[in-house]
Amino acid sequence: MLYFYNTLTRKKEFFNPIKAGFVSLYTCGPTVYDEAHIGNFRTFMFEDLLKRVLILSGLDVKHVMNITDVDDKTIKRASEQNKSLRELTEDYTQRFYNDLDWLKIIPADEYPLATLHVDGMILMIRTLLEKGHAYKEDDGSVYFKVDSFQDYGQLSNLVFEEQLTTSRIISDEYSKETAQDFALWKGWKPEDGEVYWDAPWGKGRPGWHIECSSMSVEYLGEHFDIHCGGVDNMFPHHENEIAQSQCSSGKPFVNTWLHSEHLMVEGGKMSKSEGNFYTINELKSQGFTPENIRYQLLSGHYRTKINFSLAKKQEGEKVIRRLGDFKVRLMAELNQDSQSEDLPAEYKIFKEKLFIDLDTPNALAVFFEYMRKMNTKIDSGLINIDEIVSALLFVEKFDYIFGIIPNDDITPDEIKTLAKKREAARIEKDWALADEIRSNIDSLGWEIKDTPSGTKLSKK
RNA sequence: GGCGUCGUACCCAAGCGGUCUAAGGGGCCGGUUUGCAAAACCGUUAUUCGCCGGUUCGAAUCCGGCCGACGCCUCCA
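Counting in this note's numbering, the first sequence runs without a single skipped number right up to 637 at its last residue.
Just so you know, not all the hints are guaranteed correct.
Cβ-Cβ distance ranges computed for the label pairs, FRET-style [stated by the list, open to error]: (1) Gly-198 with Met-508: 52 to 60 Å; (2) Met-508 with Ala-542: 38 to 46 Å; (3) Ala-197 with Lys-626: 23 to 31 Å.
Restricting the straight-line Cα-Cα distance to at most 20 Å, the calculated cross-link-like pairs of lysine-lysine (PhoX-like) are [to be verified]: (4) Lys-489 with Lys-366; (5) Lys-525 with Lys-574; (6) Lys-461 with Lys-490.
No lab work stands behind these hints, which were simulated from the structure alone.
Glycine included, each C-beta is placed from N, C-alpha and C at the ideal position.
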């Protein structure tokens with residue numbers, strides 16, 4: 178039983194896929210004119226979480242994420258750097274994939290590039306023109322006629338007559354009938370250089386919103402289950418997608434819209450135009466691990482603003498170490514065979530938390546309490562093999578969702594050899610030598626712990 | 001100006017009218033355990049939920065006002 182907060186209705190709703198057992202999921206991807214920042218990845222991480230929870234619940238997911246590889250910014254950046262549009266966007270797209278991989282985000286099934294799907298967009302624009310939802314301007318641009326779609330504003334809950342005319346609207350360089358009309362097609366201008374496609378109404382390039390409408394239809398059909406993005410995409414991007422898609426197909430577009438809140442940095446929104454952002458590479462060089470970033474991003478609920486902070490890094494390190502130690506401890510107790518495949522009762526509660534609008538903070542709390550309970554049992558020696566096995570199964574499920582338990586043995590041989598020498602010294606009760614070796618290991622960046630189940634090494 | 005979110009311990013963060021003398025995590029301090037250290041475990045850290053009123057038998061939770069932070073109103077995850 179899955180429930181999600183649907184932006185369209187502003188309520189938590191029971192999730193019922195269009196086709197039983199299958200979910201069609203579209204998530205707005207990056208504009209590849211620069212490296213993505215941690216704020217962007219908050220959204221991609223949330224979408225990954227959503228996908229993992231859908232899969233955990235037993236559904237098959239088809240996930241499509243677009244890559245915006247043509248727009249004002251990409252064209253501008255390419256020309257500044259004296260590169261072709263293709264060179265620039267391929268580079269940043271690759272970096273984006275690398276960052277996703279590093280963060281342990283499950284890849285989408287499809288990453289359609291806007292530039293390879295212009296034909297579909299032209300078709301959709303033609304339909305909109307034919308149906309009277311769009312009009313051409315003298316410069317070769319085509320605009321969507323917002324007045325022609327009665328439900329415009331339903332997602333973002335905006336009433337346009339009352340809107341303040343902001344400087345951005347006033348300075349809008351395109352001519353159109355009414356301020357809120359938006360571009361489906363942008364007529365070619367000299368600064369676009371080589372970047373243009375031929376359309377029946379003249380050469381130019383697609384507007385931003387049309388790519389998602391067109392590509393989602395192509396990969397998921399006219400009517401699909403879930404569409405998500407950051408809150409800032411609610412308006413205008415998603416609002417415009419709804420308008421385009423519903424007017425062209427005459428059918429409902431998306432059943433469930435999910436939006437993640439912004440990531441803040443020093444109390445303000447992280448954004449490229451403000452210049453206050455961290456890229457993944459910057460965080461890497463600050464010593465962040467993927468697990469630590471995942472912990473920071475997943476320990477708050479996706480619909481609340483969270484502040485990304487270096488201060489929370491220590492907290493993350495501690496939590497990750499505890500979880501890793503717990504897993505190692507369970508493995509060490511795994512000394513007999515067991516046929517048990519049962520998960521502990523707490524797993525059911527854990528799942529229920531996640532199934533109600535991705536409640537990661539409470540799911541974490543459930544797991545931590547369980548972990549404490551199990552540690553106590555192991556301490557007391559009153560644990561049986563079935564409990565160990567089911568705990569390990571729970572750990573596996575837990576980490577499938579959170580992905581914050583680091584991968585196993587990465588200890589270099591040099592350190593292992595030292596640890597063995599120290600073990601020998603300890604058996605001889607040569608504490609001085611044992612301590613000397615320990616401090617030696619310490620200075621090499623590794624920590625040694627003597628536990629009831631043996632000596633353990635971990636990276637500091 | 002319009003729409004909207006948030007303000008809970010030293011820090012992060014649940015809570016959505018009674019089970020709240022408020023979960024979970026980090027930190028601090030004290031303890032058990034241990035060759036020492038670490039880990040693990042136990043205890044301690046909010047009679048109180050930005051402030052002021054109201055509704056109610058009952059409010060962190062609902063309503064009103066105020067203060068403060070933040071977001072959207074066509075670049076934006």
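Of the numbered hints stated previously, which ones are contradicted by the structure, given in increasing order? 1, 2, 3, 4
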